[in-house]
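> Read top to bottom, the protein sequences are chains A and B.
Heads up, the first sequence is in my numbering, so the first residue is 1 and it goes up one at a time.
Heads up, the second sequence is in my numbering, so the first residue is 1001 and it goes up one at a time.
Do not take every clue at face value.
Cut-off 30 angstroms, straight-line C-alpha distance, at most; resulting in silico cross-link-like pairs (BS3-like, lysine-lysine) [as the list claims (entries may be wrong)]:
(1) Lys1029(B) x Lys1265(B)
(2) Lys143(A) x Lys188(A)
(3) Lys143(A) x Lys1029(B)
(4) Lys103(A) x Lys1265(B)
(5) Lys1060(B) x Lys1220(B)
(6) Lys103(A) x Lys1060(B)
(7) Lys103(A) x Lys143(A)
(8) Lys231(A) x Lys188(A)
Coverage of chain A stretches by chain B, computed from C-beta distances (three or more under 8 angstroms per stretch; other residues unrestricted) [claimed, not checked]:
(9) 118-128
(10) 260-267
Which chain B residues face chain A? A few, computed with CB under 10 angstroms, are given here [claimed, not checked]:
(11) Gly1021
(12) Ala1027
(13) Leu1030
(14) Arg1034
(15) Arg1037
(16) Ala1104
(17) Arg1112
(18) Leu1116
(19) Val1119
(20) Ile1166
(21) Asn1186
(22) Lys1265
(23) Asp1266
These are computed hints drawn from the structure, not numbers from a lab.
We treat Cβ as the ideally placed atom computed from N, Cα and C, and that holds for glycine.
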Amino acid sequence: MTVTNTDPRASSASGSPLAVNLTGVSKHFGHVQAVRNVDLQLRSGEIVAILGPNGAGKTSTIDIILGLSQPSSGTVSVYGMHPRHAISRGLVSAVMQTGGLLKDLTVRETVEYTASLFALSQPVREVLSSAGITEIADRRVGKCSGGEQQRLRFALALLCNPELLVLDEPTSGMDVEGRRTFWSAIRKDAEQGRTVLFATHYLEEADAYADRIVLLRHGVIVADGTAAEIKSMAAGRTVRATLPGATEAMLTGVPGADSVEIRGETVLLHSNDSDAVARYLLTQTAAKDLEITARGIEDAFLALTGDDTPASTGAI
Amino acid sequence: MSSAPSTIAPDLSGRRVPPLGGFNLTALKLEIRRLTRNRRTVIIAIVVPVVFFLLFGFNKGYDAQPAAPGAHGNGSAFVMISLALYGAVVATTFSGAMVSIERAQGWSRQLRLTPLSPVAYVIIKIFTALALGACSVAAVYIAGSVSNKPLMSVGLWIGTGFSVWIGSLLFAAFGLFLGYLLPAENVMQLIGLILALLSFAGGLFIPVTSYAQGVQDIAKWTPLYGLNQLVHTPLLGNGVDWTWVVNVIAWLIIFGSGAVWRMRKDTARV
């Protein structure tokens, strides 16, 4: 865990409650551990991406934040309250991947219906227009394309003018153009100070639109930092060598090494100063067959989230 | 893009929870509109009972003879009440079972991201069912009135019509139960079949007394039997048998608790 754990009742500097506060949250379904001991604090106004491959626990984490599912252990609060209470007050809304719409209602009826359920909601006409679906307002939802349905879901999510907007893989199934339009709408929207949390398995999406990226792998947060920080991890190189009898304790002290991995007799050290690592290994240890490779951002992502890597921690 | 997080604390003071758990007339209106948009539902719940009444309501000289010795109206009135009950029961069951489609399309999950409480949702569903049920009763009674065949006092027209309507609530619970229990694909066809069987067993189409004794003994336990007897009581003037009341209450408890049980399971936070 690389997150600095704060007091469970932590608030942001201004004294207002955190938008989201997960402390020690775990979730298992039978024997499957979907989320493990996750601590995540979102401040108001942040745009945060939860990045990870399929099955990393992104949706489980989001379901917990939305109160759709109960953590097996740990606590969750949204603006200092139970997620369900935050939803009742229109503080949180979400755009889910698929479904969630009635095919036999029209677009306008769907918006009217949802608007009627909130104590306060934006005018239906405005929401239709800002989501760009005024022209199809009288069309049955079942006759709308996937992109149009996604714009409708987005419109529904903005009806209550939420403080926190949660997006679960919002652009899956969209073409490049649809994706660009969608994100420019989100970005415009977030400029007004809304907190946005989105799950994605597209690295470039997280890189382009998030202030902060939380990397999730096997239900564990393996990295948490700004896009630039995540990128800087990728700037390094991997030094690979054969070193029988190597132990982690012995290698963590290697100058310049950011992370260490041992696979049998092979050791892998990731570093931003591969020269120093190589020099050390060749002069101070019995390492041989030394190999230095550069690592792209995709590799960094894969290294952090891939299945073939043991749960080594990438410290930022 | 990496603008610094806003330091302005969100103002949460104006954020309110809606009254009545989110129940409101706009949602109710849209639910009713949605229901009546389904042509098959409208045909089965409104057109079919009217056609049945026109076919069977005054053949065999029903309009010329009393419904039973000592009854306060004729045979046509009896048949009209039976078919109004059939229509209302189909209407309320179908309305309740719509939740099955909503679950399948993910709408139930979407609603859980709004302030709407499960209780308010069920109340909207019950009112929707009652609205369509009222249309079924009204359609059959208007057909009766226009044909001028059913004969009974104005008080009985109103009293029996109202009893049928309120009685059909039992089947709104039945519909909700089935809607939460069954998958969406075949639920409507299955319900049509179940209701036809229950209507025969309950004596809505043929008097139960015309069945073999063994069948009669079983029929008296079925969910439409007690209700059918009760709604005809004002016309027949034969007094209420307590077993009919027990039948209705027992089935209301079974359907109601079944619906609550399945709904809890469906909306449980896992």
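> Would you list, in rising numerical order, the hints stated earlier that this structure does not obey?
6, 10, 19, 20, 21, 22 and 23
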